[in-house]
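**Q** Fit chain to chain and form the complex, with the hints in mind.
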Amino acid sequence: MPRLRYFLVKVVQVLVTLFAVVTFNFYLFHVLPGDPIRLLARAGNLQPEDIARLRQLFGLDQSLPVQFLIYLRDLATGNLGMSLAYRQPVADILAQRIFNTVELLAMATVLVIVIGVVAGVFAAARRGTRADAGTVVASLFFWSLPTFWTGLMLIFILGVYLHAFPISGAGTPGVFYSSLPAQLLDLSSHLVLPSLTLLLVDIGQFVLITRSSLIDVLTEDFIVTARAKGLSARQVLWRHGVPNAMLPVVTTSALYVGLVVGGAIQVETVFSWPGMGRLIYDAVLRRDYPLIEATFLVFAVTVILVNFATDLLYMWIDPRVRNA
Amino acid sequence: MKRPWTMLVLSVSAALVAAACGGTAATSAPPASAAASAAAGASGSAAAPAPSATPSQQALKVGWLSEPDTMNPLTTYSTEGVEVLQLVYDKLLDYNLQLKPEPELATSYEYSSDGKSITFHLRSGVMWQDGRPLTADDVAYTYNLIHDNQLGQYAQFLTDLTSVTTPDPATVVLTFSAAQAFNPGLVVPIVPKHIWSSMDAKAIENFANDTPIGSGPYKFAQWQKGASLTLTRNPSWWGSPLPSPASITWVLYGNGDVMGQALRSGEVDIIPQVPPTVYDGLAGAPNVTSVSLPSFSFHHIGFNVSTNPKSGGNPLLRQLVVRQALEYSVDRNQLVQLCLAGHGQPADTIVPAGLSDWHLAIPADQALNNNPAKAKQILDAAGYTVRDSSGVRSAPDGSKLEFRLIAIATTDVDVCAAHLFQNAAAAVGIKLDFQTLDTNTLGSTVYNSAAPNWDIFVWGWDSGVPDPEYMLGVPLCSQIGGNNDVYYCNKQYDALYAQQAVTLDPVARKAITDQMQQMYYNDAAYLIMWYQDKLQAYRTDTWTNWTPVPGGMIFNFTRDNYLSIRPAH
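Chains as they are written, first to last, in the numbering used here: chain A, 9 to 332; chain B, 339 to 907.
Only chain B is shown next, with the shape it has when bound in the complex (with noise of 0.2 Å):
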């Protein structure tokens, strides 16, 4: 089921990223650099992994509810543009199938002593879809492209860049103005300078790129627009051996209960999202079998603390007590059990649990979570109390514990989180008016920042890189007009997010990326209700050597599993 935000999920972004990952042994000792990150990039596992894959004539067919908004790679905003294009336009680096990073068109990089420059070194013998070398002239042009127009959503990862030069065409060399502990060879594509400087930047922003040229293992085929889209195998791409599926072709369903029915008659191969309903419908569906991964992605409901004068949200809401209680009154377990027929698990943090290595897991003793009692001795403790017949809390001075609440009407699983937080609440002598909306106008509503009228909404948030830096930088200050859809702001956990994002340790990050998630979860301006399950299903009849990923075996941030599947007979 496609989330209305999941379209917003631009697929990459937050600065600083991935020290976690492979790239650790790189960036955790930059002094010691050279060696190490060369290393790190050579260890990657390779592109296409398994050396037996051969060649096929056989087609893949991948079942999607949403398209691609443009074939254009730099200023594409969706999931579904970024998952088509990332096989046409190969990156410096890429995500492997265990999400660390692995060499593309560098075969290897390493950072500078103070970590504020990297040196890629380019593969050799790559040529672009056209025929012509790719060089350190494509590299180049395309960073600074970006960088200097500010162009699509890559562009957040070289605010900090100073310059990009090539001593020889197969070297290049970007310099930053601060230490990286994030590597942007990991999400910026390379597009071909011979085709892309002829336009200037506003042509560039509204080129459709109708016939993309690239350098990576599919070439472009044919987009019908609300049907499908195939991309063909390169045969002269760089990568060895090539991948198996002659063709890859993405299906366009209207609904996600017909995607599951062309799974069982063989219309397509796989499907990324499975709606829960239909999930345990494919249970036992011949020569299908799917697979419930953990997610980097969760579901809130989030409380309007705008300190905005004009703000038209209920004050009351600024009281963290309030913000606690309401906390207290929901059971996370109930709401996974009944509105994800328990394809998830209920949550704390606001990094997500599928983020393992980052995530802090809240002790049960601590939680502020399925315990009415105590919400009601807070509230009492603070004052709110009930004083007249109609069962609701108010405050000394009169003003009543009542709130509005908004979700989106077709996100179902929110819609039923709406109902028993609301049944929750008035367990506990909180009103809540509960009404719906459409995704547009329910997020023009909540990130209205000149004026945000409005007391508690409920949405979710998918992780846009496999890194705690992502959701960490939801809310902060600075992102109040941005992404910032509480109004939360508190300078200390701003100036730890400053911390953590020049800390290239991973131990000592952790021990700060802890710290915020510890702080946001006590200041209760988001209620976490649960991480829900990547679901996910395939035929074993037509395609073999599907590799789990956390996240998604596709559309996730690694490409492999399209180049490592091979024909099942």
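Chain A extracted, bound-state conformation (with noise of 0.2 Å):
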């Protein structure tokens, strides 16, 4: 029962949110100074009556409450509207970007999460000796490495000095495939660049997280006990140690994909790569009122679901949670 009532209380959180996001977002952008028509009609004899007929063919003539009551009920029937700067609908659009985002992010957050859990545990059951401090001082190197700035470092050694990768985009421009084989080859040579410097700049947290928990349970009595029992060193590390430091590991995790999904615009721009966050860049610049309010609402429901999956899993792994 508790676990129901723990899972329902959840699911009615995930909705509200999910509703205050919804109207946060139409505010937000529909406040902020600017508009999507005014540059639009910055040029020649265009008119005054001309940007008028423009504002109206948007709808955006109309209140702004009248706006979000039509927002919401095209939103209830599954439409995300018109893209005022490609004239398109916006699902169309969003469907190939999100595909490209996780297509990169998904390669990307599977390497950092595991090479940087396993350097992690490798750090912390060496505590002290050099291998422990090179890691440290790798990771927190890393860490510190601006996103934009690796980029173009990668794409000046790897890129154009060794000609060893693609710079740009996610395919060759231009290139019709002859088999699926050389589609998805093409493609992993353009992921190498992009997926490599999310690995290295964000591989740092992941180390350090995994380490401090780590030593924190290594000095756990239930350890000393462990010990005690006559196990080998390896066994008290990963069935005794490494399990109980996980909670930190799994919270940081649930942020990252979060970060990932809304977070990879610097990536994406440095190496050209039809994602969301280049998309939700310019929609912003644009003021692409529909295609903005779509991309946000994906990005929320992206977080708010990894969340939900996150507390989910504290249940599995955390039996205090479970029992709470």
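Please note: incorrect hints may appear among the correct ones.
[As the list claims (entries may be wrong)] Some chain A residues flagged as far from chain B (calculated, every beta-carbon gap over 10 Å):
(1) Leu40
(2) Thr117
(3) Leu119
(4) Val122
(5) Met254
(6) Trp281
(7) Phe316
[As the list claims (entries may be wrong)] Which residues of chain A face chain B? A partial, calculated answer using Cβ under 7 Å:
(8) Asp43
(9) Gly86
(10) Gly89
(11) Ala93
(12) Gly177
(13) Arg295
[Unchecked claim] Here are the computed distance ranges between Cβ atoms for each label pair:
(14) Thr503/B <-> Ala103/A: 44 to 50 Å
(15) Gln560/B <-> Ala28/A: 36 to 42 Å
(16) Ala84/A <-> Gln760/B: 31 to 37 Å
(17) Glu57/A <-> Val845/B: 31 to 37 Å
(18) Pro573/B <-> Ser186/A: 19 to 25 Å
(19) Pro579/B <-> Asp100/A: 34 to 40 Å
Worth flagging that the hints you see were computed from the coordinates, not collected in a lab.
Glycine included, each C-beta is placed from N, C-alpha and C at the ideal position.
**A** This is the structure we're talking about:
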């Protein structure tokens, strides 16, 4: 029963948060200074009447609450609206971009978390040794690298100088692929540099958090007990140490996935990756309201769902939450 | 570097244009026009000039930093959209590599003796890319569609249109209510009636045109949004010979630095906008040539001179002497050297020097430039003196010469200029409080015509047509609420504008446009800082025969460089 109640409470929280996000998104961008039409029309002899006509075409002549109600009505029917800049359904534009972002980030996220945790465990198990100090220093070094700069350095070294990998886009432009393997190969070569950038700049936090959390755990009494039972060092570490050190790592991972969906803007910009980060950046600059609302909605839903999943995960890995 | 305002440069605009260009022969002498204009039409260089150009299997790749908005040629508002679609859709006429009119779908045209109607004789045997023939009906449909529905950016060229007739399938007559110095045939793309006529105006406004069908030298192939757009050669195009590139792909880059690297590594063949910092770095790159061309653009500092009672602008800026003192305080040469790394020239009037036939150069001894002593002198004489320990001048009533200054945060050259301007103004006793904004916020602040609450801004303009009309049309009283960003209004200036618009003789027209440039310069509502160079770079080992054109080899008013380049090997 407590389990079901915990679950239901979380579901209600998710729904309330979603509605708040939808409302907030809508008003936030509409009250920002700026106007999608005004700049479109900065040219030649476009008359005030032309500008008024465009505004009416895009429904921007309605009052804000009316626009909000129309937005809610459309949203309820699954209609995300028309992009003002592209004059195309927002859903069509989003679909391809989400796919590209997930492609890049799924790869990078898995690598960052897995390698980060393993390196953290490695350092914690060798606490105080040179290997530990080396791992910590390296993590701090990479963590402090600016994403933008790291990406550009990789472009210069691996892309332009060594000519090893393509430096931009998610595929060779203008190519029609003869087969699926050819397409996948092209895609993977384009994935290398952006994933490597994300890996380098983001891995540090996982190493450090895993390390410090595990070091704490390794000083607990039950570790001494485990050792006293005659378990090998490896068994003590992986069976008793690591699982108990995972709570902060899971929290960080959840935050990371949330950040990553909206936060790969720099990597996408440097590598001209046609993903969500670039899309939202351009949409905000152009005040493309329907597109902004939809992208933020996607971000919000992702973060909320990941957090929801994390809450459920806690229940599984931490009995204290389960029985609370 | 894509400047925010270039996105707005709706490629073509300004009502009456180009009397200066090749059309001059035709338009300057309407009474004798029939023979003259036919000659002008025939003498324009052919659309695909080099006879030795042969179709190849090689692709051309172009870098860009921003994507088209739509593939609908009638409603696109982006330079990128126009750039791509000009290769898919033909116009009646076009600009050649000298930016003079040349024939396209119309092989010749003539003006009526009163200049109010233009007769176009269409090329025979032209096919749409779906195999249907192109006739006068399609032309008439397109012009009527735009005019009747005030559709998109081309509507402004057809405001005076009264009728379109097609005496036979190869002839179109456009009739206007007033003489037309500008020939709209140069800008309006022709769309196929059999595809478009099934939609009403509202549907056309929202028509994304995902698979454009035109009559041009290239066919639409695919557009991967956020990545690249590809056209392929149209083997049944009417022009001869066919263009060399088998396909043209525009590749989207996230920033100018990476685009420069992509040119070095051979990912693209040409980049149309090179940031000044990247430009110098490309100098020694193997197989890369970079070119610096005059442009039709300038950057300026604008003063809010609105007389609207709701204006929140500092009223002291409405004093001519204050604006002139600000103009005198600045050294434009220093701005060019420090902010553009020398890639431009110090500016004076509102018609860019790139429009060399029309630009009025202000003699150095009359220039409102780099003369802080003079600035102090005129301020002193007008009673604006330093009255306290702040070092800031004030009017006799105590109000200080202190103004807000805004610029676009991401436009580095403008931020640089704003800082230098701030120092220069401080040196003559005027205080500027500087703040940066994003493009859209600056735009809506400046253009808030109901209550413009700002003092001074930094921005730029790109002339949408190779003619002075475009830029001269911005500071009109009627453009308040439209494009007039400083709310300047001078009835005398407006009268001159109307007069030049119907003056078909280029010499007489130049006399009027000179007078307008001088007038606007003296009134100092704009402090025009520089005419920046158009920096472009291309690889020499893939394609050759690029022709330098003022305004750019590509992303200009001519499509002919795409059609005349040849494989390097």
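**Q** Look at each hint and say if it fits the structure.
**A** Verification of the supplied hints:
1. Leu40: Since the minimum Cβ distance to chain B is about 8 Å, Leu40/A lies within 10 Å and the statement is violated.
2. Thr117: For Thr117/A, whose nearest Cβ neighbour in chain B is about 21 Å away, the distance exceeds 10 Å, so it holds.
3. Leu119: Label holds. Min Cβ-Cβ 22 Å, cutoff 10 Å.
4. Val122: The claim stands: Val122/A keeps its Cβ more than 10 Å from every Cβ of chain B (closest is about 28 Å).
5. Met254: Met254/A is indeed farther than 10 Å from all Cβ atoms of chain B, at 36 Å.
6. Trp281: Non-interface label on Trp281/A violated, nearest chain B Cβ at 8 Å vs cutoff 10 Å.
7. Phe316: 29 Å, holds
8. Asp43: 5 Å, holds
9. Gly86: With a closest approach of 19 Å, the Gly86/A hint is violated.
10. Gly89: Hint violated; Gly89/A Cβ to chain B Cβ min 12 Å, cut 7 Å.
11. Ala93: With a minimum Cβ separation of about 5 Å from chain B (threshold 7 Å), the hint on Ala93/A holds.
12. Gly177: Holds - the Cβ of Gly177/A comes within 7 Å of chain B, reaching about 5 Å at its closest.
13. Arg295: 5 Å, holds
14. Thr503/B <-> Ala103/A: 44 to 50 Å: 47 Å, holds
15. Gln560/B <-> Ala28/A: 36 to 42 Å: 40 Å, holds
16. Ala84/A <-> Gln760/B: 31 to 37 Å: 51 Å, violated
17. Glu57/A <-> Val845/B: 31 to 37 Å: Check passed, 35 Å falls within 31 to 37 Å.
18. Pro573/B <-> Ser186/A: 19 to 25 Å: The hint (19 to 25 Å, Cβ to Cβ) holds, given that Pro573/B and Ser186/A are roughly 22 Å apart.
19. Pro579/B <-> Asp100/A: 34 to 40 Å: Check passed, 39 Å falls within 34 to 40 Å.
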